[in-house]
Amino acid sequence: MTDELNVLAGAYALDALDDDERAVFEEHLHSCPECTEEVRGLRNAAAELSHLTEVGPPPQLRAAVLGAVAQSRPLPPLVDGARVLPLRRTRSAALWQGLAAACALIAIVVSAWGYSEHRQAQRSADARGSVVESLLAAPDVRATTTTMKQGQSTLIYSRREHRLVLIGRGMPVLPADETYQLWMMSATGEPVSGGLFRPDPNGNVELPASGDLDGVDRMGVSVEPAGGSAQPTPTTVQVLKL
Amino acid sequence: MTSMWFERSSSGDDRAEPATRTLDELVASAARGDEAAFAALYDQTSARVYGMVLRVVRDPAQAAEVTQDVYLEVWRQSARFDADKGSVLPWLLMIAHRRAVDRVRSAQSSLVRDDKYAQLNEERPYDSVSEQVQTSLDAQRVRRVLADPTPAQREAVTLAYFGGYTHTEVAELLTLPLGTVKTRIRDGLIRMRDALGVMA
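First to last, the sequence lines map onto chains A and B. In terms of the numbering used here, the first sequence is residues 46 to 287. In terms of the numbering used here, the second sequence is residues 2 to 201.
These are computed hints drawn from the structure, not numbers from a lab. Here the structure is a predicted model, which is why all the values come from computation and not from measurement. Glycine included, every Cβ here is placed at the ideal spot set by N, Cα and C. Any given hint could be a false lead.
Said to hold, decoys possible - Sample of chain A residues facing chain B (criterion: CB under 7 Å; computed from the structure):
1) 60
2) 93
3) 95
4) 100
5) 113
Construct all of the structure, not just a fragment, from the sequences and the given hints.
Shown next as structure tokens:
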């Protein structure tokens, strides 16, 4: 336990950290069982404060909530599994469909114990924090950020280690018959699919991938029909320059 | 740590579902698509959730919106609720508080939040909350628990929780070093936690 970080447990339990501080603290929580336990206790204490403000909601809210619920399917349980998918450079349709399936699986692995919302997304699988962390340690790590129609995307990547993580924030949640698709783009050939993904209900996603980025000078994110496309739909594609 | 005290239904509202079903069971049923169980969960928890959200965002229409989002998320995440990691109400309230805080931080006009003098004079979280306190046993218990932290700790905790301020903003509002506020918030919560543990 790091004392300097441990003292943040209270502010964290009250959602009183700003986004950067919270990211650092959540990273710390992955490796600090004492802080995790403390946060749980302090959160329980904070929850008790809501006894002081108890007020019945407007009666019509019940029908609105239950109406919305009736039109939405609960997410499946979290299933542990591979969280890093291979980023393939082959054009074989069969292969990239396999990758798409892997991506879909990863997209399902969102947040574990609640959360938060997009912070919710941040508190997901322990593995993800370590994926980002180890990538940040790569000697040639680079990051690029673009604000797009589809929210904000950051790509952290290492050409030497053949790895990347795509971090999306505030991406529009797509209808069930559409999906986001990641593309590797080069000056010399057609875009190659890097897989499909869906942000969480708050439009946030962290997508680790691995593969050879040699020759790739841009990554694209496009909106495609469910199942993905062989080539990006030009009107929807947004580009991150590497 | 004991968890009995926050598992209790606080609304006193037992319609629809037999009181024998715990919140854990209701969430587990909801995860399998049981809308009636989810309705019962809503009935047993919505006053806690809505009241807290209303306190943070202030505007009833926005509070209703946020509350609806919260329950939709709880429904969607119900299969991922892990009873080994905590109890239902803190989980639900954590989701709700995050969303309420997100709402005020992104939407509240800078005019309101930048006027520190006005905030300090108008904003007396603990006192004004106390005025609304119902004379329920739960509320009385929490008031006793809130008496345990020092007034300075209580002020920092309630500004963060009900005011939706970051600890940096709390430090500004109270004209204190950030380190002091960090410590006050944590120590205040620890005192509350310990007091609750003893009383559970």
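(Q) Let me make sure I understand: some of the numbered hints might not hold for this structure. Which ones are they, in numerical order? (A) none
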